[in-house]
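Residue numbers (numbering that gives the first Met the number 0), protein chains in the order written: chain A, 0 to 548; chain B, 0 to 548.
Hints are computed from structural coordinates only; laboratory data are not their basis. As the structure is a prediction and not an experimental result, all values here were calculated from the model. The C-beta atom is built at its ideal place from N, Cα and C for all residues, glycine as well. Certain hints may be false.
What the hints assert, rightly or not - Covered stretches of chain A (chain B as the covering partner; in silico rule of three or more C-beta atoms under 8 Å from a C-beta of chain B):
| # | stretch |
| --- | --- |
| 1 | 61-75 |
| 2 | 139-148 |
| 3 | 171-178 |
| 4 | 311-325 |
| 5 | 513-519 |
Number of protein chains: 2
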Amino acid sequence: MKPRVLILGGGFAGMFAAKELHRSLAGQVEIELINETNHFVFQPLLPEVAAGSITTRDAIAPLRLLLPGVKVRQASVFDVDVASKTVTIFQGLQRRYTQVSYDHLVLALGQVVDLSRFPGLSDHAFTMKNVSDAFRLRNHVIDKLEHADITQLPEVKKELLTFTVIGAGFSGIETVGEMKELIDRSLKFYPNIDPSEIRVVVVEFADRVLAELPESLASYAHKLLEKRGIEIKLKTGVARATGTSVTTSDGEVFGTRTIVATIGNAPSPLLQKVDIPKAHGRADVERTLRVRSTENIWSLGDCALIPMKDDAKDRKDFAPPTAQFAVREARLLARNIKATLEGSPLTPFDYKSKGALASLGGRRGVAEVFGMRLTGFSAWLLWRTYYLSFLPGFSTKLRVLLNWVSDSVLSRNTVQVKTQIQGGVSYVHYRAGDRIFERGNRADGFYTLVEGKVEQRIPGEDGKEIVRVLGPGDHFGERVLLGSGLRTGTVRALEDSKVLLLTAEDFLRLTDAFPALKAYFDDHVTRLTAATLKAPTPAASADAPAGNG
Amino acid sequence: MKPRVLILGGGFAGMFAAKELHRSLAGQVEIELINETNHFVFQPLLPEVAAGSITTRDAIAPLRLLLPGVKVRQASVFDVDVASKTVTIFQGLQRRYTQVSYDHLVLALGQVVDLSRFPGLSDHAFTMKNVSDAFRLRNHVIDKLEHADITQLPEVKKELLTFTVIGAGFSGIETVGEMKELIDRSLKFYPNIDPSEIRVVVVEFADRVLAELPESLASYAHKLLEKRGIEIKLKTGVARATGTSVTTSDGEVFGTRTIVATIGNAPSPLLQKVDIPKAHGRADVERTLRVRSTENIWSLGDCALIPMKDDAKDRKDFAPPTAQFAVREARLLARNIKATLEGSPLTPFDYKSKGALASLGGRRGVAEVFGMRLTGFSAWLLWRTYYLSFLPGFSTKLRVLLNWVSDSVLSRNTVQVKTQIQGGVSYVHYRAGDRIFERGNRADGFYTLVEGKVEQRIPGEDGKEIVRVLGPGDHFGERVLLGSGLRTGTVRALEDSKVLLLTAEDFLRLTDAFPALKAYFDDHVTRLTAATLKAPTPAASADAPAGNG
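Sequences are here, hints too, so could you generate the full structure?
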């Protein structure tokens, strides 16, 4: 039987590893690639998807199309057992697991986004990892414009028209540039929004934008973005986020209903479960890309810490997590696996970057290629051409080109495709003083306080207000069960708070089906209604059960 | 102040009503249109979106772009108060309501899909009402092909490769034709699927397809679809549906994991709340399109029952719910509102259809235009040209044309864009005998039985199996709380059953945040674990609390 090479991950690293392995070892080994989705995501194009200049399907390509001769499996990896050389996976939405064996294992798991260090950010920020993120962001931005065009409340309008990007690396800068262009080109449809009301902010912890590029190019990009009306806050971190605000590390609070986080890259949690040596959470590989102290496990791309010299210590001694390097690593990986099978010596990784490119939106870019520096339109054109050449498949190339051409000529479409309002359970964060809901609001769900403190005010029978203070574990908003549709009381956060929100529909389905819960709320609502009707004195009300809505 | 005309609904009827009103009354009245989304959906193109021959954004167009001079508001209507001439709306995701007044109200609310008469269908079938539906269907079909390509289980593969469309009217036939084409063109990427394994079925209650068309054309369509390998079941209704099967009215059960329902059109629930005369759930209008016994309320399109002669009785005496008629109605509506404002007499509705067109996918169609009958490629070309001419805006026209051309030349993209796995609470239906989950499966959620009866088998300590029978209100699967990740027992439906499923993540968040629930399950799981460890006799186990997983 032929040796089996199993690749986990279908990003730049995994996809090109499969391609290169097939090129040099087709017929001699069996190659299989396992990925969560059936397509390769061309991440550098996601900001363009978010801006609507290309469509979702042009930023992705089916792995099967890209990898003829390679077995592609769409599955999620549950466990890797190094001792028995097997990987346990779940295919699609199947609940039955499947075991896949290997002779050589290639870990190309990339990185994940971990925003848990920033309270509220993971619950309220968009990320730019996959094509759904980009698609949702685009619809979200248009939704904010729609809403801003009709709202009568100046404070709300200000929040709606403030768009925030966190992080000013490649992804952050391209996102903020494309987002600004989308907004600028859409404004003609919104007669009640004045261009001066738009605020687009990028927040960066470092002291400059585009740390990946030379100082002079970054400085050009900085000036150009500012000239286009983008506000850049350097040396500024994020302390917390809510659905309507960002608090910076300086303590500044600004209202915003759109937050895109391009920070927080973290090692893949799956990699942590694999029993191999790690360094800084990444696979600890030799310069040959073989994982230290193993014979048949390899790693490349963002999930591996790849030394580029023998006594690598400094950050710049290791391969940077870019597509350009991943493609080079893939080439070496195929060569070294071939050498291993043939018993020849392995080659160490060594590569010098040929340059860097960034799009700034609005047909401007910055580039450094083979030592040459380009700015403005020429850099942007180079960026497009480079990525077009990179795009896999003639159909995709042609379609992207057609889209780019038609986008230059035609007006941009501001259609908003609503993915249905998300059901289920979500966390929502509030700052001290925020109103969670008020009397007369649509009753949209059931709230349980997870952290913080809130104050609830309900009108009593005799016109006196009943005031309750709720803490973690207390709940409110369960009057949606009574079906009036509108809130009777007002709830405000007294401290920074985190609540668990269950949509009204889901809450009703759950209490309906589940007798223990139904009994609890029947009892609770009865007591509550009685308490409200009796219009208790403030002393009595303090003892009343916490929870109402 | 100018009289205010308020239009509710932005489909064919509402959009064209706004257009025609603006054309004939611009400057004399204020026109406002309120719609749930910011775009007009070109419904006849949704099957093409689902098949991937055009993209989502080409089947929709922004209402603001289509309606210059008309105020467009993206909002959901909460209530209409005829007495005070005000409409209460919620804008976007806002929870604060807004009141909008009118002098003339135009109800163009269309129809909704109501599948509640068919057990399981609303929880397991796709509909084809908006662009998200089409988008999700496309991704679902590709997901089934991905899964079928790798599964080892023949029974599962058969279910995965059976695609069912319910209803053989325009929408059903176009959907089944386009779906078949998508599958046929995708198969080359799935080496383990043989074309003979694909089964595409359309189920129709009537005794023929395309009841809207003359017999001879319908018969041509029928033969052509059969020739292309589509199975057509006439005189067959749907009795029930689950996630893996359809039961027909004949009692036949066939396995299928893709169900598209194009039946079940029902009057808009909002219309029922408006205090005006109704007939068969639709607005009861005079031939002038004015709602009977009102002065200033008008209705058109699918939500109105529009007589085309004075003593209308028969079905054919009323305007059919098609786009062609809606556009004509819109023209008359504008004329009659103008006449009302000027005090002139109103004109009754009268229109004869100019023909009908249907696409069958695979570049074939059927058409009857001005009495002429066309079939095959010429009918299909006419269909495309007709809809292209209909498409609003030059950009959209050009883009759709480019897409159609490139689709003829290039291979179709089988990329699957996963919208995240839906969280929250959903209903799942099972037939008697179905396995809900089995030992070793991934623990994907918490189940509460709503209807029916299930049997649970858990291995006891001494190797004996514990068997429990659960009924409505009982729950199982709560061991996800213990976090082992895999099921320890097996659950089967003893009767046709309906369960409420809460995803594992949401269940954990909820029990975590909500003390009453946490206490209940802590107690429950403790008792359960004790019971299992004691390995009770069958008699004892029958008394144990129902619920486990």
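Cross-check of the supplied hints:
Look at the stretch 61-75 of chain A against chain B: 6 of its residues bring a Cβ nearer than 8 Å to a Cβ of that chain, three or more, so the hint holds. Only when three residues or more bring their CB closer than 8 Å to a CB of chain B does the claim for the stretch 139-148 of chain A stand; here the count is 4, and the claim holds. Check on the stretch 171-178 of chain A: 0 of its residues sit with their Cβ under 8 Å from a Cβ of chain B, so the three-residue criterion for coverage is violated. By the rule of at least three residues with a Cβ nearer than 8 Å to a Cβ of chain B, the coverage given for the stretch 311-325 of chain A is violated, with 0 such residues.
Restraint check on the stretch 513-519 of chain A versus chain B: 5 residues with Cβ-Cβ distances below 8 Å, three needed, restraint holds.
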